[in-house]
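Visitor: Residue numbers (the UniProt record's numbering), protein chains in the order written: chain A, 1 to 245; chain B, 1 to 245.
Simulated from the structure, these hints should not be mistaken for laboratory data. Just so it is clear, the structure is predicted and the values come from calculations on it, not from any experiment. Every residue gets a Cβ at the ideal spot worked out from N, C-alpha and C, and that includes glycine. Be aware that one or more of the hints could be misleading.
[What the hints assert, rightly or not] What follows is a set of in silico ranges between Cβ atoms, one per label pair, in the way DEER data are often shown:
id: 1; chain 1: B; residue 1: Q105; chain 2: A; residue 2: G37; range: 39 to 45 Å
id: 2; chain 1: A; residue 1: G3; chain 2: B; residue 2: R236; range: 30 to 36 Å
id: 3; chain 1: A; residue 1: A16; chain 2: B; residue 2: R149; range: 41 to 47 Å
id: 4; chain 1: A; residue 1: A47; chain 2: B; residue 2: Q28; range: 47 to 53 Å
id: 5; chain 1: A; residue 1: G3; chain 2: B; residue 2: P143; range: 38 to 44 Å
id: 6; chain 1: B; residue 1: R109; chain 2: A; residue 2: T31; range: 20 to 26 Å
2 protein chains.
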Amino acid sequence: MSGGWLCVAGLGPGDAALVTPQVQQALQEATDVLGYGPYLARVPRRADQAYHASDNREELERARHGLRLAQAGRRAVIVSSGDPGVFAMAAAVFEVMESEPAWQQLDVRVLPGVTAMLAAAARLGAPLGHDFCAINLSDNLKPWSVIERRLVLAVQADLVLALYNPRSRGRPEGFARALAVLRQHCEPQRWVGLARAVFTPQESIRHLPLAHVQPDMADMRTLVIVGNRATRTVGRYIYTPRRGG
Amino acid sequence: MSGGWLCVAGLGPGDAALVTPQVQQALQEATDVLGYGPYLARVPRRADQAYHASDNREELERARHGLRLAQAGRRAVIVSSGDPGVFAMAAAVFEVMESEPAWQQLDVRVLPGVTAMLAAAARLGAPLGHDFCAINLSDNLKPWSVIERRLVLAVQADLVLALYNPRSRGRPEGFARALAVLRQHCEPQRWVGLARAVFTPQESIRHLPLAHVQPDMADMRTLVIVGNRATRTVGRYIYTPRRGG
Numbered sequence: 001m002s003g004g005w006l007c008v009a010g011l012g013p014g015d016a017a018l019v020t021p022q023v024q025q026a027l028q029e030a031t032d033v034l035g036y037g038p039y040l041a042r043v044p045r046r047a048d049q050a051y052h053a054s055d056n057r058e059e060l061e062r063a064r065h066g067l068r069l070a071q072a073g074r075r076a077v078i079v080s081s082g083d084p085g086v087f088a089m090a091a092a093v094f095e096v097m098e099s100e101p102a103w104q105q106l107d108v109r110v111l112p113g114v115t116a117m118l119a120a121a122a123r124l125g126a127p128l129g130h131d132f133c134a135i136n137l138s139d140n141l142k143p144w145s146v147i148e149r150r151l152v153l154a155v156q157a158d159l160v161l162a163l164y165n166p167r168s169r170g171r172p173e174g175f176a177r178a179l180a181v182l183r184q185h186c187e188p189q190r191w192v193g194l195a196r197a198v199f200t201p202q203e204s205i206r207h208l209p210l211a212h213v214q215p216d217m218a219d220m221r222t223l224v225i226v227g228n229r230a231t232r233t234v235g236r237y238i239y240t241p242r243r244g245g
Numbered sequence: 001m002s003g004g005w006l007c008v009a010g011l012g013p014g015d016a017a018l019v020t021p022q023v024q025q026a027l028q029e030a031t032d033v034l035g036y037g038p039y040l041a042r043v044p045r046r047a048d049q050a051y052h053a054s055d056n057r058e059e060l061e062r063a064r065h066g067l068r069l070a071q072a073g074r075r076a077v078i079v080s081s082g083d084p085g086v087f088a089m090a091a092a093v094f095e096v097m098e099s100e101p102a103w104q105q106l107d108v109r110v111l112p113g114v115t116a117m118l119a120a121a122a123r124l125g126a127p128l129g130h131d132f133c134a135i136n137l138s139d140n141l142k143p144w145s146v147i148e149r150r151l152v153l154a155v156q157a158d159l160v161l162a163l164y165n166p167r168s169r170g171r172p173e174g175f176a177r178a179l180a181v182l183r184q185h186c187e188p189q190r191w192v193g194l195a196r197a198v199f200t201p202q203e204s205i206r207h208l209p210l211a212h213v214q215p216d217m218a219d220m221r222t223l224v225i226v227g228n229r230a231t232r233t234v235g236r237y238i239y240t241p242r243r244g245g
């Protein structure tokens, strides 16, 4: 029963060369690995480990499963894409931990990873070189009015915006609505970077002025970065100067 | 003359276990490694590599040096702490590239890393589980009035705040001023996380209500995370629920 633990680990954007040695080590020591199917598929299989795939809507149940395994003395790793602390599994683990005081005594660790906006920024140039924000455009967990208000305030603050989950099959209109808000508050030549499937064989990267961005340019694998007033191009890159304006 | 390149690489927060294999590979192939002295000191020395240490105020000159080396056919890596795209060397490289069209044709790549706020969040729990922003409190490169305005708008947007460079010897009053602004706009029980020297032997981590935070609790190695209205504690952790409020 003793010696169990739960790690919530970030696999980075997709390439195995972006998985930290810390996460590799935890996977090496694990008895059980849990995750959304496509993320779990990135973990090399071993005969002596158990793999527990679940749907991406089952985050709380996956978190409970991981905590129950740790409580039973197993060494469990829940894998997330990117960083587990950014719009991913770490918050779900702490949420379910509230309901069960015994779980709060367990050995639970969050192992950071390269989150999508850092990978996207690296491939675009350096758009996050000045103050920025990260906003999840999914309205599964918050009303659209909150998202819209945050977009407006962030533009007023002249923050660069990293937009996660711009569009999915269940929310085809999310990115179009965000673009409409941005067009009301930003000049048409504002630079927008679109980074899809970064550091995978399907990678595509481009940047263009806000006026030319179309809603169908983003899908569920795209990370969108909207520059601030100072974001500019140099060669094939976009970047935000350190002075920021 | 051919085959030269420049990589701008993130070493992560401090522990070698958080350096990605991609960055390790670039360092392996490099002929020259450049960086601020304490970051360069984290790179294992090899007899067949040249090391170029410089002061942390010499970012533009370091960037030019790296580009000149690549132009001369060398394989150069400029190392940053954390992620090179977040308040670090990548933007400096693109800035100096503007002045020299030949540099825009070089093979220049940004290699992402685990930035300080992700490492800090992992050790605190999951405070970045909902929308958040990253603000550099240094007023070396922007006026304090801009920082203050951003803090206020970010609180109005109910974003979690990751505050980089809260305080240094040259700016002892920065964090005190930020706290004064936050106290005007947040309730006294708002959770604040202070993460110093994360993933190093000097690591210290704590969280406390805004009302109890003192200016001398942060120094130049501290990353401060100010929760949003929903940020809460569970066990020894703080986290922001995915619904965010």
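Visitor: Would you list, in rising numerical order, the hints stated earlier that this structure does not obey?
Guide: Numbers 2, 4, 5, 6, in rising order.
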